[in-house]
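Participant: Read off the chains here:
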Amino acid sequence: MKNFVDMHEVSLRYGEDGDGTLALQNATMKVDSGEFVAVVGPSGCGKSTLMKVITGLWPPTAGGVIVNGKEVDKPLSITGMAFQNPTLLPWRTALDNVMLPLEIAEPHASQMRRQRKMYEAKARDLLALVGLKGFEDKFPWELSGGMQQRTSICRALIHDPSLLMLDEPFGALDMFTREELWLAMQELWMARRPTVVLVTHDLREAVFLADRILVMSNRPGRIIAERTVELPRPRKLSMTYEPYSVGMVQELRDHISAARVAA
Amino acid sequence: MSEITLPTAPKVRRRKFTRNKAFRRVLPWLVVAGIFLVWQVLVVALRIEPFVLPSPTSIFAAGWQWHTIILQNAWQTLFTTTIGFFFAIIIGVLAGVAIGSSSLIYDGFYPALVGFNTIPKVAVVPILIIWFGVGSVPAIITAFLLAFFPILVNVATGIATVEPELQDVLRALGASKWQTIRKVGLPRAMPYFFASLKVAITVAFVGSIIAETVGSNAGIGNFMLVASSRFEVPLAFAGLLVTGAMGIAMYAIAGAIEARMTGWATRTGGGGT
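So the sequences go chain by chain: A and B.
Counting with the numbering used here, you get residues 1 to 263 for the letters of the first sequence.
Counting with the numbering used here, you get residues 1001 to 1273 for the letters of the second sequence.
Watch out, some of these pointers could steer you wrong.
To be verified - Each pair of labels, with its calculated beta carbon distance range:
(1) G1108/B / D137/A: 40 to 50 Å
(2) Q1167/B / R193/A: 21 to 31 Å
(3) Q1167/B / R114/A: 23 to 33 Å
(4) M118/A / G1247/B: 46 to 56 Å
If you are wondering where the hints come from, they were derived from the structure by calculation, not from laboratory data.
In this text the structure is predicted, and so the values were computed from the model without any measurement.
Where is the CB? At the ideal position from N, CA and C, for every residue including glycine.
Can you build the whole structure from these sequences, using the hints too?
Facilitator: Encoded structure:
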């Protein structure tokens, strides 16, 4: 579907009176369904705010968002979310953490009691897909940082969301773990084809994972540039060191530096 | 004349006696026994009069002589404490959930609650006696009044400090306020809750005894009051010892329940869902 996400001239000001921080100003972006889009930008440019507006967690001050043909006016239950902090529940095993959305989101929640076996098998499959076979019954503190983040991503995907919002999910990991997770992410995306919006400040990550990269300006944020990544899939890590990728990273970098100076 | 010092064979390091687990376990008893011993020696050596400070042996003797009456009164205190504590758990958890999950309720009620909590409860007891008469009820209510506040504050804290990202995840899934509380808030508040039980049970106990001392015809507080008014000082001390022992026992029970229920918080595995 074309323009699955259609954000038009959105502005957002925190605080009720007119002197709150203006986080977004006339931000416009479109994402087709099944597309993997990365949003990059200088720190504090309103990337996380952008996510909250698209998912309906924060109503915009001006402008509007249309997702799947409908105006967003309340939190969108078709989204899955993962953040830099894995936010797993420490009293639940990895498997039970992954199954949390199924206990809440409809239509799964009402079928959970009868179909528990089926849902559990689904969660196990998903964990196996990201390489966590055998860790299903471990508690979060028994898992490494990378494993916790994999679990968190599985939790974001378990209810088959058509829109996956990732807010710097690999930001707190070391480089080797991060690259491993890029591969796992690519595999998940190719297997299930959700629409993904990935917010990141890692330009190599954006080039490796995304079909299209949007660059945001400094606060108040808006989209100032857009690049399509023409790399065949499945992509290999070595591709990020090829001239094409390096050139693109450099170009994105220049845009961001310019945006920082302008502010 | 250079002398080469040969490396001596490494000594077999003996485990320090003070690290011995069994020793650690009996240590508290040794400390208590030591205190009694020093106390006994001082009383005998300095010839302190029994009505000023009775010796431990005379306290134990008096305690044994009157043990049926002491046990009856201790039972009464245990009864009022337990009932008051039980209500404190119910009201404390309900109010804690309400205050922790709604900033509106928090802003509205919390200052009044803090104000109420700073009133010394001993000043409330006479009023309770006017309302309910001398008996178990004022003791139960005093125990409740002292115990519910720590429970409330801890439950509210546990629920109010759910990570914002997690709240976003749940809201986007369409979770109702109640679902968020049930799936995340309450389990998250459990370690806070069980930690507060240890505080609450001891202050409930203090509450009961205060009420019994100010106005009652039963309970260990009343027993001590009667004993000291008759100048039976060893007996009053026996009451004190029983009080202390009961307090320790209740604290230990609350601690054991805590360790069992919230193993995930101390990372010893298991516990809760």
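Participant: Taking the hints in turn, state whether each one holds.
Facilitator: To see whether the hints hold, each was checked on the structure:
{"no.": "1", "hint": "G1108/B / D137/A: 40 to 50 Å", "in the structure": "44 Å, holds"}
{"no.": "2", "hint": "Q1167/B / R193/A: 21 to 31 Å", "in the structure": "28 Å, holds"}
{"no.": "3", "hint": "Q1167/B / R114/A: 23 to 33 Å", "in the structure": "29 Å, holds"}
{"no.": "4", "hint": "M118/A / G1247/B: 46 to 56 Å", "in the structure": "52 Å, holds"}
Going through the hint list in order, the structure satisfies each hint without exception.
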